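**Q** Put chain X on the given structure of chain A with help from the hints.
Protein chains: 2
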Amino acid sequence: MGSFAKAERLLARLQALGEVGALPGGGVCRLALSQADGAGRDLVCGWMRAAGLDVIVDGIGNIFGTRPGTQPGPSVMIGSHIDTVATGGIYDGNLGVLAGLEVVEALDDAGIATLKPITVAAFTNEEGARFAPDMLGSLVHVGGLDLGTALDIVSIDGARLGDELAAISYAGTAPLGAIRAAAYLEYHIEQGPVLEAEGTDIGVVEGVQGISWTEVTLSGRSSHAGATPMRLRHDAGLAAARIAAGVGEIVRGIGGDMVGTVGSLKLSPGLVNVIAEKAVLTVDLRHPDEATLRQAEAKLAALIATVAAAETVTASTRTLARFEPVAFDKALVGSVEATARALGLSTRRLYSGAGHDAQMLARTCPAAMIFVPSVDGLSHNVRELTQPGDIANGLDVLATLALDLAGRANAAVVGISRANAATGETTDSNANLKES
Amino acid sequence: MGSFAKAERLLARLQALGEVGALPGGGVCRLALSQADGAGRDLVCGWMRAAGLDVIVDGIGNIFGTRPGTQPGPSVMIGSHIDTVATGGIYDGNLGVLAGLEVVEALDDAGIATLKPITVAAFTNEEGARFAPDMLGSLVHVGGLDLGTALDIVSIDGARLGDELAAISYAGTAPLGAIRAAAYLEYHIEQGPVLEAEGTDIGVVEGVQGISWTEVTLSGRSSHAGATPMRLRHDAGLAAARIAAGVGEIVRGIGGDMVGTVGSLKLSPGLVNVIAEKAVLTVDLRHPDEATLRQAEAKLAALIATVAAAETVTASTRTLARFEPVAFDKALVGSVEATARALGLSTRRLYSGAGHDAQMLARTCPAAMIFVPSVDGLSHNVRELTQPGDIANGLDVLATLALDLAGRANAAVVGISRANAATGETTDSNANLKES
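Chains as they are written, first to last, in the working numbering: chain A, 1 to 436; chain X, 1 to 436.
Okay, chain A solo, but in the shape it has when bound (with noise of 0.2 Å):
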């Protein structure tokens, strides 16, 4: 039971970034590359430091902190993202990247050395709440964006993302995908309400469902909303209205682990007697399964058109974001499964229904996730909550099989080491098994 990594840590940790950006009612808002996200970057690269990480920024603004192994060559990653949607909790993200600082102090602290480097990593916009497509800095990590296209991505209130990644100093100089990973560890609550009803320790995670952002845009004619009979309106407003209520009806349709939400739909000139000119919202469909969300799309489609038809308005839609389902390494997940039962916490096996960066360091390395549970199932939400016990446990999970896939080297004296390098030190010892 137990590991050598420390919760109490790692909590007031998450607290002390939560502060940064928080909201006055709880919560927290760190909107990617925004100044609130540029002083949480500050906030956790000076910890980082402090813990004698060799800490690099890329292109895209992804910021790796290393801990070297007695041996070159690839890392055991532990990674996640603190960038967080406007109206966020403090877990969603920073609970992974936190958690891996917490096992790299935590080996120091034991005097435990490794013989793979552990690096821990922050993937720029994970979230995609202010540029899409989302988890875009483990995108253009892994080679599935152009950097240049990425940096000319332009943010919901105008920004280019290049521009705002300069604002903020993260603008790195590190070569994309210079830090090798010989597996990539998420550590993340929930986001649901599964494991807290069941009342389950540990999630452990398959894979991530499929994820499918459209927007759709509807272009009909504002007139007078008293004096417009209703046969001769083209009424953008109502045209969403109908699109939207029918992502429900088509979701409930197919049933089982579909899910689809508008989560922004927006009216011009949105105004109470007059009827809109124009609508945009989005839809954001998602299943574990690439056919069935490919039916849903089709239907989806055949929605726009039928309803673009019946009210007399134009539809135009623009893809924001599509990954297929993303099944997890089998054997990493059987370590991550393994070494909770190891530890004498309960587990259930179980898809992700949100996107993670780990669905993309899955196509360079075996990739995993650990999940432990959400209070309410709530994320995304001011009132995000996970218990400090539910912590601890999902963090000895993770510094037990780090530790693991890492190797364990000559523990003592690279833990002195280590302890230097954190003052600026160095020893002939960590000289000695660097080259070992």
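Derived by calculation from the structure, the hints in this document are not laboratory data.
Certain hints may be false.
What the hints assert, rightly or not - Capping the alpha-carbon separation at 27 Å, the derived lysine-lysine pairs in BS3-like fashion look like this:
#1 K266/X to K278/X
#2 K299/X to K266/A
#3 K266/A to K278/X
#4 K299/A to K266/A
#5 K266/X to K266/A
#6 K278/A to K278/X
#7 K266/A to K278/A
#8 K299/X to K266/X
#9 K299/X to K278/X
#10 K266/X to K278/A
#11 K278/A to K299/A
#12 K299/A to K266/X
In this text, all values refer to a predicted model and were calculated from it rather than measured experimentally.
**A** This is chain X only, laid out in the frame that chain A set:
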């Protein structure tokens, strides 16, 4: 055919007033009591004073410019409003005010004195686009709403009406209802497509549809769009969409003259991947028959309750405006029709789908309206247009009827006196006539 009034001068003033708050792509934005509205008022008051009118402003900012008659007593009032929606045209409201101004100037030009005074009125916040309810100024004028209550109304942008009125220096000192009206005439564009479609010159307005504005607020729970199963959601956005779509079904189900519009629908936090915690939408229902309007309201209430229960969200509603249908004075409506026909113009009786200040004035005096065609039926739209020939037709009807109602006095002498009054001079003949 024709009258003593000059359409060219009216058209030029419509263009000039349309420059105040003009939008880059055409159209105009002079939301009530905005700085642009203040500038528009200054322009119109300047024209009124230059025309020798006695201009007074009451406590709610209504503007009245009076041309004296040869007999004391109530005025023939010609009025409308000069505030606009956010993306409005230059005719809506402005036409009625500036046509009134043209009538009194043309009477001067023609040297015609009238027995009754003629008052040109511009009422505050007719549109209701910034402050609810609409037709606020005329409602307060006829005693339908207490002045103190009206001044405390808060705009969609959070400003208090009384403060905004003071900020543009239109918190006047004239007592409410100081100008009594023997009759009220409002000349307005149709704002709908009926007259143009039928090729009719003049719409003889029998009355105004009843208007019901309801704001619906739905409160759910924001959570992750991917990780929250459909059965566990409290999606305020989906509930709002179902209600907005349902409004279309209710209205089409009732059919005939029934119209309904959801012009504003706002989701928060309004992000692609976050289930909406809160939704606020407005429902605008209108029908010429009170019983049918109530039927629609009852169906809306039932819909809201059904959807809220089905989507496990809470719903609250607030009435933003509620006006019963108004029938105009039958004799005066008949006079509009007879006047138009005597001028050789084709006519059609119809109900106004839009609310107008005339419906408020109808509470205290005989009121009637004159409609002219709107190109493509467009209004509350930057492309709002009425052809010059149609503007001239309506002006002829207005001028002819206004003179008929006011009664012709010793024309030539007073004509000269009015011209002098415009330059600030007075004559004995004028003084004598005022006392006659």
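**Q** Hint by hint, say whether it matches the structure.
**A** So, going through the hints one by one against the coordinates:
Restraint check: the Cα-Cα separation between K266/X and K278/X comes to about 8 Å, which is no more than 27 Å; the hinted pair holds. Taking the CA atoms of K299/X and K266/A, the gap is about 25 Å. The hint holds against a cut of 27 Å. Between the alpha carbons of K266/A and K278/X the distance comes to roughly 14 Å, so the proposed pair stays at or under 27 Å and holds. With a C-alpha separation of about 22 Å, the suggested pairing of K299/A with K266/A holds against the 27 Å cut-off.
Restraint check for K266/X and K266/A: satisfied, since their Cα atoms lie roughly 7 Å apart, inside the 27 Å limit. With a C-alpha separation of about 22 Å, the suggested pairing of K278/A with K278/X holds against the 27 Å cut-off. In summary, the hint linking K266/A to K278/A is supported, as the alpha carbons are separated by about 8 Å, within the 27 Å threshold. Between K299/X and K266/X the CA atoms are separated by roughly 22 Å; this keeps the pair inside 27 Å, and the hint holds.
A hinted pair counts as satisfied when its Cα atoms are at most 27 Å apart, and K299/X with K278/X qualifies at roughly 23 Å. Using a Cα cut-off of 27 Å, the hinted pair K266/X and K278/A holds, with the two alpha carbons roughly 14 Å apart. With a CA separation close to 23 Å, the supplied pair K278/A and K299/A stays within the 27 Å bound. Annotation: proposed proximity of K299/A to K266/X holds, straight-line Cα distance about 25 Å (limit 27 Å).
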